[in-house]
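Just so you know, the sequences run in chain order A and B.
Each residue of the first sequence is one higher than the last, beginning at 1 in the numbering used here.
Each residue of the second sequence is one higher than the last, beginning at 1001 in the numbering used here.
Don't read these hints as lab results, they were simulated from the structure.
Everything numeric in this text was worked out from a predicted model, so none of it was measured.
Any given hint could turn out to be false.
[To be verified] In silico DSS-like pairs for lysine-lysine, Cα to Cα no more than 27 Å straight-line:
id, chain 1, residue 1, chain 2, residue 2
1, B, Lys1041, A, Lys170
2, B, Lys1170, A, Lys148
3, A, Lys159, B, Lys1148
4, A, Lys67, B, Lys1148
5, A, Lys171, B, Lys1091
6, A, Lys170, B, Lys1055
7, A, Lys170, B, Lys1003
8, A, Lys159, B, Lys1091
9, A, Lys170, B, Lys1159
10, A, Lys170, B, Lys1012
11, B, Lys1094, A, Lys185
12, A, Lys78, B, Lys1055
13, A, Lys78, B, Lys1159
14, A, Lys59, B, Lys1045
15, A, Lys171, B, Lys1148
16, B, Lys1045, A, Lys159
17, A, Lys159, B, Lys1078
18, B, Lys1170, A, Lys185
19, A, Lys148, B, Lys1041
20, B, Lys1132, A, Lys185
21, B, Lys1147, A, Lys185
22, B, Lys1132, B, Lys1147
23, B, Lys1041, B, Lys1078
24, B, Lys1148, A, Lys170
25, B, Lys1185, A, Lys55
26, B, Lys1045, B, Lys1078
27, A, Lys147, B, Lys1148
28, A, Lys171, B, Lys1170
Protein chains: 2
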Amino acid sequence: MIKYEDLYNEVKNILSEKRFIHTEGVIERAIEYGEIYGEDKETVKLVALSHDIAKEIPKQERVNYAKDIGVELDEIEKTNLELIHSKVGAKICKDKYGFSDEMVNAVKYHTTGRSNMSMLEKIIYLADATEKNRNYCSQEFVVEMAKKNIDEAMFFILKWTIGNLLEQNKKIHIDTIIAYNYYNKK
Amino acid sequence: MIKYEDLYNEVKNILSEKRFIHTEGVIERAIEYGEIYGEDKETVKLVALSHDIAKEIPKQERVNYAKDIGVELDEIEKTNLELIHSKVGAKICKDKYGFSDEMVNAVKYHTTGRSNMSMLEKIIYLADATEKNRNYCSQEFVVEMAKKNIDEAMFFILKWTIGNLLEQNKKIHIDTIIAYNYYNKK
């Protein structure tokens, strides 16, 4: 598996300045959460660093690129091109950087979530949503929730995300609803 | 198949007064929509009359009742007992009243919706949501939307329903999201 120091400059070169600032925010937050929940620091850093590795592939190339590297897309992903970057990124992390399956899944599900997520998956999902440069979800009470009760924070962010997609009349990935229902303890 | 006149008193006896007032509102609205979209009036009336036939089976009996008559429930239906009445009602309409498959499906999907609904399914779904005794969705602009562009009205009600479930922290049935994505032309 690739080392964090070796991947750092590669990711910095691939991503725009704005995206890399976001990525650094995710790394910082993921380290905080990882320490609380006892996850391996190097693993957490590597996944956080590379979670958006495929985010800036031009939209018109995404579907073809996914096809080229053997990533299957579902109906929603074919029309909501935003979602593709997670699956494509996961494939790159597996093939090029030698990530373990758990690390690959943390990249793969960082946008939609899914039911019964591993601790690493939850840490990356929440770090992405709550990093300091985010407008709403970086608020102190959300970060504190993530530190105290990670499943409750998952529910909060999933609910917030679905509400946001609805407001914008955007399609909603089934995995996000499955995750929302799973973390909904009502 | 049972005749409307014969079923009318049976449904009136089964349902509470409040529920039967709702049912009469659904029949009225379904006839309006059915005329516009060229559906058979007797069929529309029969389905509207019986759509909530299983709604007042006591909650604690619903799961067992479903099992007894051979209705399979998914994970969400097992915890959200509200949803069970549509599947159970559909089975009663098939076995006891001799409804056709299309009529059975209009009862079955009147709560969640699904993708690619038949005209009859959409008429019952929308009549249920927009009958005159409903608080919000009976507003004139929603009824007019249903009369002018039935797929647009489907999207409006599905979106409104998901928002409502979210607000109440309730679980969301996957069929509702599949329907929302399907009727979302964005």
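* Asked: Which hints from the list above does the structure break, by number from lowest to highest?
  -> Of the numbered hints given earlier, those the structure breaks are 1, 3, 4, 5, 6, 7, 8, 10, 11, 12, 14, 16, 19, 20, 21, 23, 26 and 27, listed in rising order.
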